[in-house]
Structures are given as C-alpha cells and as structure tokens.
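Number of protein chains: 2
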Amino acid sequence: MSREITASILSIGDELLIGQTVNTNAAWIGGQLSLHGIRPVEVRTIGDDRATILRTLEELSGDLVLITGGLGPTKDDITKDALCEFFGTRLVRHPDVEERIVAIFNKLGRSVLDVNRAQADLPEACTVLPNHRGTASGMWFTRERVEGPTRVFVSMPGVPYEMKGMMEREVLPRAVEHFHPPSIVHRTILTTGLGESHLAERIADWEDGLAADRVKLAYLPSPGIVKLRLSTYAGAVPAEARRRVDRQAEALYEAIPDLIFGEGEDRLETVLGKLLTGNGQTLSLAESCTGGYIAHRITSVPGSSAYFTGGVVSYANAVKMEELGIPSDMLELNGAVSRPVVERMAQGVRQALRTDWSMATSGVAGPDGGTPDKPVGTVWMAVAGPEGVISRVSVFPGSREQVITRSALAAMNMLRKALLGQLVAEEGHPG
Amino acid sequence: MSREITASILSIGDELLIGQTVNTNAAWIGGQLSLHGIRPVEVRTIGDDRATILRTLEELSGDLVLITGGLGPTKDDITKDALCEFFGTRLVRHPDVEERIVAIFNKLGRSVLDVNRAQADLPEACTVLPNHRGTASGMWFTRERVEGPTRVFVSMPGVPYEMKGMMEREVLPRAVEHFHPPSIVHRTILTTGLGESHLAERIADWEDGLAADRVKLAYLPSPGIVKLRLSTYAGAVPAEARRRVDRQAEALYEAIPDLIFGEGEDRLETVLGKLLTGNGQTLSLAESCTGGYIAHRITSVPGSSAYFTGGVVSYANAVKMEELGIPSDMLELNGAVSRPVVERMAQGVRQALRTDWSMATSGVAGPDGGTPDKPVGTVWMAVAGPEGVISRVSVFPGSREQVITRSALAAMNMLRKALLGQLVAEEGHPG
Chain A
1 MSREITASIL
11 SIGDELLIGQ
21 TVNTNAAWIG
31 GQLSLHGIRP
41 VEVRTIGDDR
51 ATILRTLEEL
61 SGDLVLITGG
71 LGPTKDDITK
81 DALCEFFGTR
91 LVRHPDVEER
101 IVAIFNKLGR
111 SVLDVNRAQA
121 DLPEACTVLP
131 NHRGTASGMW
141 FTRERVEGPT
151 RVFVSMPGVP
161 YEMKGMMERE
171 VLPRAVEHFH
181 PPSIVHRTIL
191 TTGLGESHLA
201 ERIADWEDGL
211 AADRVKLAYL
221 PSPGIVKLRL
231 STYAGAVPAE
241 ARRRVDRQAE
251 ALYEAIPDLI
261 FGEGEDRLET
271 VLGKLLTGNG
281 QTLSLAESCT
291 GGYIAHRITS
301 VPGSSAYFTG
311 GVVSYANAVK
321 MEELGIPSDM
331 LELNGAVSRP
341 VVERMAQGVR
351 QALRTDWSMA
361 TSGVAGPDGG
371 TPDKPVGTVW
381 MAVAGPEGVI
391 SRVSVFPGSR
401 EQVITRSALA
411 AMNMLRKALL
421 GQLVAEEGHP
431 G
Chain B
1001 MSREITASIL
1011 SIGDELLIGQ
1021 TVNTNAAWIG
1031 GQLSLHGIRP
1041 VEVRTIGDDR
1051 ATILRTLEEL
1061 SGDLVLITGG
1071 LGPTKDDITK
1081 DALCEFFGTR
1091 LVRHPDVEER
1101 IVAIFNKLGR
1111 SVLDVNRAQA
1121 DLPEACTVLP
1131 NHRGTASGMW
1141 FTRERVEGPT
1151 RVFVSMPGVP
1161 YEMKGMMERE
1171 VLPRAVEHFH
1181 PPSIVHRTIL
1191 TTGLGESHLA
1201 ERIADWEDGL
1211 AADRVKLAYL
1221 PSPGIVKLRL
1231 STYAGAVPAE
1241 ARRRVDRQAE
1251 ALYEAIPDLI
1261 FGEGEDRLET
1271 VLGKLLTGNG
1281 QTLSLAESCT
1291 GGYIAHRITS
1301 VPGSSAYFTG
1311 GVVSYANAVK
1321 MEELGIPSDM
1331 LELNGAVSRP
1341 VVERMAQGVR
1351 QALRTDWSMA
1361 TSGVAGPDGG
1371 TPDKPVGTVW
1381 MAVAGPEGVI
1391 SRVSVFPGSR
1401 EQVITRSALA
1411 AMNMLRKALL
1421 GQLVAEEGHP
1431 G
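Protein sequence lines, in the order shown, are assigned to chains A and B. Using the numbering used here, the letters of the first sequence map in sequence onto residues 1 to 431. Using the numbering used here, the letters of the second sequence map in sequence onto residues 1001 to 1431.
Every clue listed holds true.
In silico SDA-like links for lysine to any residue, alpha-carbon gap of 20 Å or less:
(1) B:1216 <-> A:47
(2) A:164 <-> B:1022
(3) A:80 <-> A:50
Sample of chain A residues facing chain B (criterion: CB under 8 Å; computed from the structure):
(4) 24
(5) 305
(6) 319
If you are wondering where the hints come from, they were derived from the structure by calculation, not from laboratory data. Glycine residues also receive a C-beta, built at the ideal position from the N, C-alpha and C atoms.
Bound-form chain A, shown alone:
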C-alpha cells in the first residue's frame, strides 16, 4: 500500500469569517478528497489579508494544499499576488486566457474592463488550470522537498459552481496522477430510531469485530438519524477490500435490522418513494403537530406525485372533525394527542383520499402546551394500510423544530417498516 496522502484546505475571504457566507466549499472538497483516498487534515479560513495568506501558506501541512477564493477582479482579491511572493515568481499575461475572457464578455454583450483583462495575468511558475465556468483561472504550483512526494499547491476560484467544475475536470485527475493515493472502499449505512450513544451500546460487539477486517467506523449523527460509515484501504486487491467491508456491513444489517433504512445518499422519503412505487401503491397524510413537514419531505422527491395524492394539515380540532371525520366526543374524551384520535386521523384521510397507505401525527411540539400527563415532545404517530392501523407514542427531546423533525422521521420509519411487513402492533394494543 502506498503511504497516506494528506491535504489541507485554505479558504480565503472576509465574507466567510464574519458569517456572511457558509463555507460549503470546504465540506464539498473534503468529501471529494476522502473519496479519492486523500485524507483532509485541516481546513483554515482567513481574511483577504496578504500577510496572513503568506504566513498561513508557510504553516499549512499536507502533501496537497487546496486554496479557494480571492481570485475575483476586485482589489480586495489578493490571493494571486500573495502566491507570487510565496513562490518567488511574477505575473505574466497569458494571451490565450485573455482571449477567452474577452470572448465571454462579448457573448454576454458587456464591455471588457482592464480589471477583467488582468485576470489573464498569472504567475509564471504555475501551470494554469482552465476555468470552464468563469473567468478566473486556476493555478497549480509544485514545491519539492527532501522527503516525500513533491508538494502541490492549487489555487481555485471561490464561486462553488466554478470551483467544483475545476476540481472534477482538472484538480482531482491531476492529484491522483501525481500522488497515486491509496484508494478507499467505503459504505455509509443510515440508521434511525436510536441516538448516537444508545446505538453505540447496541452495536458494541459488532464494532469490536471491525478491527479483524481492518474496517474503520465513523458515527455521523444529525437530528433523528445516525449514519455509520465503514471504510478500508483498497490496497492491492480492491475486490478483497470490498469483500471485507461488505462482510461487516452484512453483520451490521443482522445486528440492527430494525434501525437501518438505507445507504449512501438515501433519505427516508426516497426510500418510501421506491417502496411505494415498487408496490404500485399510494400514500396520503393527516398531520397535526408536524404541520405539513412530512408532506414537504415526501414532495421534495422528484416524481413523488406518482404515489403521493395529498394530505390534510389539521391544526384546529374543527378541521380534524370535518375533514377527517373525528367524532367530537372522541376529541373531548381523549384529547387530540391520543391513540384513538391519531388512529382515526390516519383512517380518515386514507378513506377520504382513497389511498393504500396513510400516516398521521398528533402531538405537543412545544414550547408551550405541555401538561404533566403529556409533556412537550409527546407525539402519537399512526400508520394505516390495507391490514389496519398501528400507532405508537414517543416523547421526543429538543426544540419545537427538533420535535417536528424527529417525529416526522419516526412516522416515516413506521411506514417503511409497515411497507416491509415489519411493523407489528404492540402487546395489548392490537391496531
């Protein structure tokens, strides 16, 4: 196996420091590097200040240093000058680059200013990387050292669309060619239903067995979801590495079949879409405390109109009664946040919209409205289908937003299990 190749990312721009712009570039670059077997070890964000840029270039470690930002035509964009000083070189005009800039402006019907032409002034010591999506060229510098491979510094524009194009077409292929990084085999398995620490406890035995297959595990938690990333070096025989990762993934599926809902870029709503499409079945929704959020997630999937017919957001009790046929005495007797009401909501919308499946939620999202009996976070969720209705209650922690997110995910996971025939009524509570 080749030695590990490391990278640092340097993001330049005052707007990043004062919070005007979120640094999504660094996350995207980090993900791409990882997938190509190059390990990101540091991200730094600094302002448009020449001395700081120079000091930081000196300090940064990593075989590869990827720099974004500060290449625009305005006078606060000083990355290029700082790079000239750092590499002891000077700017020279590149006629071919200038020609391209002029052509872009002509096409847009705009006049070319001197500051625009100056974007064709590039350091003599670098290899110029073409920008197929804009006017700021990229720069590829090398710096030899006594031990290890020649280091590479790359400067790219900060505009995400331009930077991504340059990374994919120019930087990543060249970096792989230059460093021959060990390639990585990985799978990301998505779980819901248990928080990070309880999940870790439940899979502790499985986790202990990973070392034998030289598979590494990373926990990637977000509200309601924990992603588990399994990875290993591909080594000389990638197929063998793939088998080791697959073997461990299979063991994980056996350990927590109830918690896994997908892999990679799957979302619960895309998984539901595939299951419903595969069955040729339809879905409707009756939402109270989730207030349309489940409908929003379901309809965020392109093509969801094929299986999602619609829903009712029944915030007021009158709407629950009139649109979903909940008897008023049922509401009075049990309250809106109760098993009978949520089950009737699911059945009511399923009948009214004539769908195969439906989901319903009714709960206390907070911050007000909690009682000792039904504290903030208490949510009843129901799934109705061809074989009846099943409901569950949970008390979710966190803010109003988090209660809404977590209960939506929990309800969608109930539907997923129901679609797979895995959702069963709890003891003493036949659905």
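With chain A's structure known, arrange chain B on it following the hints.
Same frame as chain A, now just chain B:
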C-alpha cells in the same frame, strides 16, 4: 475607543473534514462575534486527534478562542482530555452537572449509561458553563499574558442548537464583560422579491450616501431573501451612532418599501403571525407544488395554532376536485397550473375551513413536468381574503428545492401585502 478584540474559531470533528457535515457553526459564531464588536480573524477545522488539538491550541491567535465539538459521550470525542493537558489540569466529577444529566435521561425515560455520567467529569481549572439544551457542559478557561487582556478559551458542544444557546446565554455576555469590545450599533433589514445584484442596482444611490453617516453595509443573501446589515461603531455617544443608523434605515424604507418585510430575526412566517394575531384573523392553505412547505413554515412558529386552522396538500387532481371543489372541466380546460385553478383552490379552502384568509399555490417544481408553455419553475400563487382573491404567476429559477422555497416566500409576501392593504389586482385581471 478600546483596542480591537480578535477571535479565532476552532471546530473539531472528523465529520467536518471529510465533508459529512458543513461547518455552519463557524459562520454563525463569526456573525455573532462581529455583531458584538469582536473581529474573527481565523477559523480552523481539525480532526478528533489529540496531538493536532494541542498543537492548534498553541498556534491559534486571537484574544478569544472559541472551540466547538468533540464533547460527545463516545470515545472519539477527546476535546476535554486535550484541554486538560493544554491547561495542565485534571477532570473532576461535578455532582450538580451529573444530577442534571440523570434528570434529563429520567425525563426521557431512558437509562443513564456510564459514558453519559462521564459528561459530568470536567476540568478543574475551568469555569463550567451550563448547557440548557443538552448534556455536554461548556468550559471557560483563561490564560494570562504579558501584554494585552487575559486570553479566554471556551469549549462548547458541536450540536448547533446547544452551541447557540450557550453562546447567547453564557459566552457572549461573559466575553463582552471580560473584553469590553468597542460596541457596535446595527440594524438588519430583511428584503424579499429581488436578487442581490438587482437589489444592489436599485439601492445604488442610497448606498452612496452611507459613507456620510459612517454606516457600513453588508449584503447577506439566501434563497429568496437578501438581508441588508447596517452597522457603525457606537463610539463614545451610542445614541448619536444609533441616530445615524436609524436615519439611513429610514431612507432605505423610503427607497424600497415594497421589498422590506421585517428586521433582525423576523421571518416572513413570524411577521404573518403577528399581523394575523393583531387582526384577530385566521388562515388556511391549499398547496399543490409547495407540497406542505408553506404549512410547515407557518406551523414552525410557536403559537401558530391561534391563527392557523389547517390546510390541504392537493397533489393529485382528484384531491383538488374533492377537497377543494375545483370543477373537473376547469382543470381540463386550463390545466392545474393556471389562474382559475389556483384562485379556486384559495377560495375553496377558505370556505371549507371557514378562515378569514387563505393562500394557494400550483406550479411546476421540476425537474420534470415542464412544457414550452409552462416551463419548470412556473408557479401560480393566490391569496383569498374578505375582499376577494388575487393571483400572480412567476417563473422561479433553480432546483426543485429552490422553486419550492422561492414560491413559498413569494406567496407569503403576497399575503403580507394583502394584510397591509398593499396587494392590488393587476391591470386587466380584477381579482
């Protein structure tokens, strides 16, 4: 004016380096520091690696160093140990913190594991900062130096909701008390309806006049919304600085009264909530292409059940006909994405749910479904109220997600104007 106070932000977590999580914390913290007169000079992101944490703590400049992440209960969270070594101290169990952790788990009906209790082990040398939203406490360390104010290092949880609560309640007030940064007077004015560059063009004259009042302007764009932040140093006479900012804000209101919907932390949905509450009026929704997203935004506001009764997400035409009373020949003749249908949707839900106001949307969110006549992004929006119904059509750019977001914002802004009596039917199209 006191000397400038600088800050560095250190984000710890492998998930940030490999791009699984975007570092939104750093942007939010940078924005808050700027508002409090502290200048962020650097952001660093590093992995969960003890040696790297120690080296970075040594290198970071800034009077204030804010650290997030690595405080979770799992064994890869090692920030606390690294801080102990850096400050030459040891962990001691805090019974009051332990008690709070146990109480949180009891309330959730979950068992407390040893790793959870271990979150009450905190460095002896720090001031413990309570976490009102989670189990990981914050830590406030000081380090004296020969020149300048005593430096402060603060460690906070990486979960954004918890970190923000701790910043607002604990860290910012203490930092202001400790450093006395030059205070800043600012107002953030929220606009919708014009993109950044077109907005800049429209307010160019106003912007030229800012220098005379020593007021600085920052554009903070996000999909569908551009925030304009006006700021100036408070100096010795804060009331005078406040007058200069207010004078320029007033001039801005005069220049673009149609685009401004609020200030500061306002969101369109909170502005609508206040207007409806003030009028003692109610709202219902009929959503097609926005798929429940408007309902989600409206119900994300605590207390929205006082004015929002409910809504219908009418994805399938059958739902439009049955739940909203759209005649089938109207759908056939005009298509679902049309003025007559969206107006009837708004009127239908307003009648069915007996509310004072309603909003409706019908459009092509994409990526498929566009036609030469109605390309992807075409969205009809209607507002119905006591005096009739008014509708508009727009073609929104961007992805499916962006079309949904932008059309939701545009519809909500229509309702805002209608509630203020500013929405009028367009020529030739009486509502």
